[in-house]
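Student: So you can see what is in the structure, the chains are spelled out below.
There are 2 protein chains.
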Amino acid sequence: MNENPHIVSAFDKDLRQIENLVVTMGGLVEQQLEQAAEVIISRDLELADQLIASDDEVDKLEIEIDSLVVRIIALRQPKAQDLRSVLAALKVAADLERIGDYAKNLAKRTHVLAQVPIVGDSAKSVRRMCKMVRQMVKDVLDAYLTRDEAAANEVWLRDEEVDQIHNNLFRALLTYMLEDPRNITPCMHLLFIAKNVERMGDHTTSIAEQIQFLVSGEMPEEDRPKGDVTSTTLVEAKAR
Amino acid sequence: MNENPHIVSAFDKDLRQIENLVVTMGGLVEQQLEQAAEVIISRDLELADQLIASDDEVDKLEIEIDSLVVRIIALRQPKAQDLRSVLAALKVAADLERIGDYAKNLAKRTHVLAQVPIVGDSAKSVRRMCKMVRQMVKDVLDAYLTRDEAAANEVWLRDEEVDQIHNNLFRALLTYMLEDPRNITPCMHLLFIAKNVERMGDHTTSIAEQIQFLVSGEMPEEDRPKGDVTSTTLVEAKAR
Numbered sequence: 002m003n004e005n006p007h008i009v010s011a012f013d014k015d016l017r018q019i020e021n022l023v024v025t026m027g028g029l030v031e032q033q034l035e036q037a038a039e040v041i042i043s044r045d046l047e048l049a050d051q052l053i054a055s056d057d058e059v060d061k062l063e064i065e066i067d068s069l070v071v072r073i074i075a076l077r078q079p080k081a082q083d084l085r086s087v088l089a090a091l092k093v094a095a096d097l098e099r100i101g102d103y104a105k106n107l108a109k110r111t112h113v114l115a116q117v118p119i120v121g122d123s124a125k126s127v128r129r130m131c132k133m134v135r136q137m138v139k140d141v142l143d144a145y146l147t148r149d150e151a152a153a154n155e156v157w158l159r160d161e162e163v164d165q166i167h168n169n170l171f172r173a174l175l176t177y178m179l180e181d182p183r184n185i186t187p188c189m190h191l192l193f194i195a196k197n198v199e200r201m202g203d204h205t206t207s208i209a210e211q212i213q214f215l216v217s218g219e220m221p222e223e224d225r226p227k228g229d230v231t232s233t234t235l236v237e238a239k240a241r
Numbered sequence: 002m003n004e005n006p007h008i009v010s011a012f013d014k015d016l017r018q019i020e021n022l023v024v025t026m027g028g029l030v031e032q033q034l035e036q037a038a039e040v041i042i043s044r045d046l047e048l049a050d051q052l053i054a055s056d057d058e059v060d061k062l063e064i065e066i067d068s069l070v071v072r073i074i075a076l077r078q079p080k081a082q083d084l085r086s087v088l089a090a091l092k093v094a095a096d097l098e099r100i101g102d103y104a105k106n107l108a109k110r111t112h113v114l115a116q117v118p119i120v121g122d123s124a125k126s127v128r129r130m131c132k133m134v135r136q137m138v139k140d141v142l143d144a145y146l147t148r149d150e151a152a153a154n155e156v157w158l159r160d161e162e163v164d165q166i167h168n169n170l171f172r173a174l175l176t177y178m179l180e181d182p183r184n185i186t187p188c189m190h191l192l193f194i195a196k197n198v199e200r201m202g203d204h205t206t207s208i209a210e211q212i213q214f215l216v217s218g219e220m221p222e223e224d225r226p227k228g229d230v231t232s233t234t235l236v237e238a239k240a241r
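From first to last, the protein sequence lines stand for chains A and B.
According to our numbering, the first sequence is numbered sequentially starting from 2.
According to our numbering, the second sequence is numbered sequentially starting from 2.
Chain A on its own, in the form it takes in the complex:
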């Protein structure tokens, strides 16, 4: 325990400032995911460009959080739990930055998708994945602010559903490609988009693990039930 209550409360104020920046960053990323879910269906290139442009703001917030963390460690010299809380912000911000980056990549691919035919219902599955990850990001940041380990664990487990949609989509897209070569280019881009959204889910679980670590001092013991099996999926070409 620190014996000077003034120093304690100054640190708490600093930590709140960092956490507010993390939550602001999270809000922007949630908005990117919201827009991603929309452009994947509407192919609205103006909205896609808005999404791409907003990623600069996300990147700037990460740099701001990084500098603030350095300044606060130097100024307050926090130890133990306080130090871990400050360092956790670095990791959470890095995960949010990556999620934003994947959203930006999805928006870029929309420019190609807008030029090619729509294939089946795949875009709807991608939208469903985006919406699930958006909700996971929201819930995990609530859990971060309230240090709610159970809520973080719930998000951590929920990622399996995202993986499952991704698995089904992967097989469906490969099948479309095998059926008709005109499907290959659009399905290729949808495959990469779906993989990116699946990776966004993984980064959300990393944030959940940081929260579990902050609260309990330990990383989750068991491995997360990993649902993504697409790396080892083999879909055979049938004779036409």
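Don't read these hints as lab results, they were simulated from the structure.
Relax, there's no trap hidden among the hints.
If chains are identical, the list can't say which one is meant, so a pair holds when it fits in one copy or spans any two.
Once the Cα atoms are required to be at most 27 Å apart in a straight line, the calculated BS3-like pairs of lysine-lysine come out as:
id	residue 1	residue 2
1	Lys227	Lys92
2	Lys196	Lys92
3	Lys227	Lys61
4	Lys227	Lys132
5	Lys61	Lys109
6	Lys196	Lys61
7	Lys109	Lys196
Keep in mind it's a predicted model, so treat the numbers as computed, not measured.
Following the hints, put chain B in place on chain A, whose structure we already have.
Tutor: Frame of chain A, contents of chain B only:
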């Protein structure tokens, strides 16, 4: 300047310990990339499984570096440049962990590739990318140890070549898929592998940026010449 030379030297010793762990981690990742370059051609599943197994060691080293960083900040309360050096180790370790993860994913996909026909020379291009990134990881870690900003910058620029091979490979693989549906599954996995190796190159440039920041106190001003244009590449299906 710290006025107590004993405390300075104790911190330097700590920092060297962290940097040694980072370099050990880097050595393992270089070995993973060496093995990746081999299995992509040989499809040697035993070697692929060795690569996959070694990733646990890489993950453990990251956790070890993270704990050591926390302990050293709490114990030594470093400021300014010293604090930045310690925090840079966190970031470099996180990038190395991701590179290892991508190598593991490549090895997993080898199990599928081993069951499907070899398509053209694509695997050779992937091998070339793996070897280039392996050399970049080696060079960037040398630059990290010696705080050589020019060498770091050289690695940072070299990533454009990896991107260029990736672009050509992307178009070639799409063309193979359009030519014959039996190529779709193997080319799909090669596309994901190639994308992963391209991402490894990006993580190597992130390490280079950390070094530039450590030495000059500033992140690179200009954007890196990004060579990866595959997100916006459209390859049309021709009539058969």
